[in-house]
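Peer 1: Sequence:
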Amino acid sequence: MKLNHNKNTLSAGNAPASRSRRLMLQATGAAVAAPWTFAHAAGQVAGGKTITLVVSYAAGGGADLMARLIAPRMAEFLGQSVVVDNKPGAGGQIAAQLVARAVPDGTQLLVDASSFAVNPSLYPKLPYDTDTAFAPLGVLAQFPNVLVCTPGFEAKSVKDLIRMAKAKPGQIAYASSGNGSAQHLAGALFEDLAGVKLVHVPYRGGGPAMNDVMAGQVPLFFANVASSLGQIQSGRLRPLAVTSRRRTRSLPDMPTMEEAGVPAYEVLEWNPVLAPAGIDPKTKAALIAAIRKTMADPEVLGRIRSLSGEVFPDGPEGLTQAFLKAQQLKWGRIVKDRKITAG
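Take my numbering: the last position of the sequence shown gets the number 345, and nothing is skipped along the way.
Derived by calculation from the structure, the hints in this document are not laboratory data. The reader is advised that the hints may include incorrect statements.
The calculated label-pair distances, taken between Cβ atoms and stated as ranges, are [to be verified]: (1) K170 <-> G237: 21 to 29 Å; (2) G232 <-> P126: 50 to 58 Å; (3) Q235 <-> G207: 31 to 39 Å; (4) K332 <-> G154: 27 to 35 Å; (5) D255 <-> P283: 46 to 54 Å; (6) G207 <-> M166: 24 to 32 Å; (7) G232 <-> G320: 24 to 32 Å; (8) D255 <-> G49: 49 to 57 Å; (9) D131 <-> E261: 23 to 31 Å; (10) G232 <-> R335: 29 to 37 Å; (11) T134 <-> G304: 31 to 39 Å; (12) G317 <-> R251: 18 to 26 Å; (13) R307 <-> G237: 19 to 27 Å; (14) P283 <-> G154: 57 to 65 Å.
Just so you know, these numbers come straight off a predicted model, no measurement behind them. Ideal placement from N, C-alpha and C gives every residue a C-beta, glycine not left out.
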């Protein structure tokens with residue numbers, strides 16, 4: 003799914019003919035310069051200046067989709083324009099550095115991916131300190147992966163796969179979208195918890211990796227549920243287990259990895275929103291309130307669930323910070339133990 007433009011502006015004005023339709027266009031990547039009416043604004047920040055959601059990855063990706071999904075509702079709740087601006091590159095570092103160095107007035111916010119928690123381990127010399135350069139505002143949603151295989155693969159279950167891998171250590175391969183990618187780390191965690199040794203085959207992107215799995219060149223892939231669902235339903239890929247602790251709505255009959263025989267296994271892709279450190283507490287509170295109201299909106303919630311995701315649990319402000327730190331420690335250990343490098 004590709005987007006044609008890197009920037010999308012949503013501002014106050016006349017009411018749209020169909021808010022639902024515009025939300026769907028935003029979430030599927032259509033570039034829409036849409037006017038909005040804000041009847042119940044929660045209070046403007048930075049004197050009503052335009053808020054920019056700086057996305058760390060290119061148009062069409064998961065972080066971009068989430069930013070474009072939440073932008074109109076955030077604009078409605080705050081009563082001011084919200085702009086989505088993609089700044090991809092260096093595994094998310096370009097966007098993160100831009101926001102880390104921005105004036106902390108709430109007008110520059112980072113919408114990142116789960117790589118935010120991995121980068122400190124993959125890149126020892128980041129141009130910012132992940133722990134001190136940002137003020138977390140929330141995690142938008144969490145999306146599971148699914149372990150899929152070539153339809154003709156011998157293993158019919160995760161237990162079969164583990165049995166085969168133990169009998170043939172270092173002979174069964176899994177594809178990923180690159181070294182240090184979410185799929186790579188999902189495979190490394192599987193090896194760790196299942197006590198097996200697989201062969202990692204990195205590709206330049208998830209599309210080529212999944213294509214080769216469908217073609218039988220590589221037997222395994224930890225795919226995003228939403229992007230692989232069509233291939234699963236058509237029989238071009240065969241699922242073995244989902245990587246969340248609970249079964250996913252899109253594949254209700256598919257066991258979780260834990261149910262399939264790998265205790266404590268959980269891999270989710272997620273999207274945090276962060277402001278520069280030093281933001282005024284009142285401004286921060288207004289932004290957090292707008293994000294929480296946005297994520298509770300039935301249309302936003304429905305769109306996320308249609309993509310096999312779930313909204314991040316609401317809770318105390320410190321919950322987001324604790325989650326980010328836990329993820330950083332979890333993946334930092336995997337990166338270190340497996341000697342994973344970026345590339």
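Peer 1: Evaluate each hint against the coordinates.
Peer 2: Here is what the structure says about each hint:
no. : hint                      : verdict
1   : K170 <-> G237: 21 to 29 Å : 26 Å, holds
2   : G232 <-> P126: 50 to 58 Å : 39 Å, violated
3   : Q235 <-> G207: 31 to 39 Å : 22 Å, violated
4   : K332 <-> G154: 27 to 35 Å : 34 Å, holds
5   : D255 <-> P283: 46 to 54 Å : 47 Å, holds
6   : G207 <-> M166: 24 to 32 Å : 28 Å, holds
7   : G232 <-> G320: 24 to 32 Å : 39 Å, violated
8   : D255 <-> G49: 49 to 57 Å  : 53 Å, holds
9   : D131 <-> E261: 23 to 31 Å : 39 Å, violated
10  : G232 <-> R335: 29 to 37 Å : 35 Å, holds
11  : T134 <-> G304: 31 to 39 Å : 37 Å, holds
12  : G317 <-> R251: 18 to 26 Å : 22 Å, holds
13  : R307 <-> G237: 19 to 27 Å : 24 Å, holds
14  : P283 <-> G154: 57 to 65 Å : 58 Å, holds
In the structure shown, a violation is registered for the earlier hints numbered 2, 3, 7, 9, in ascending order.
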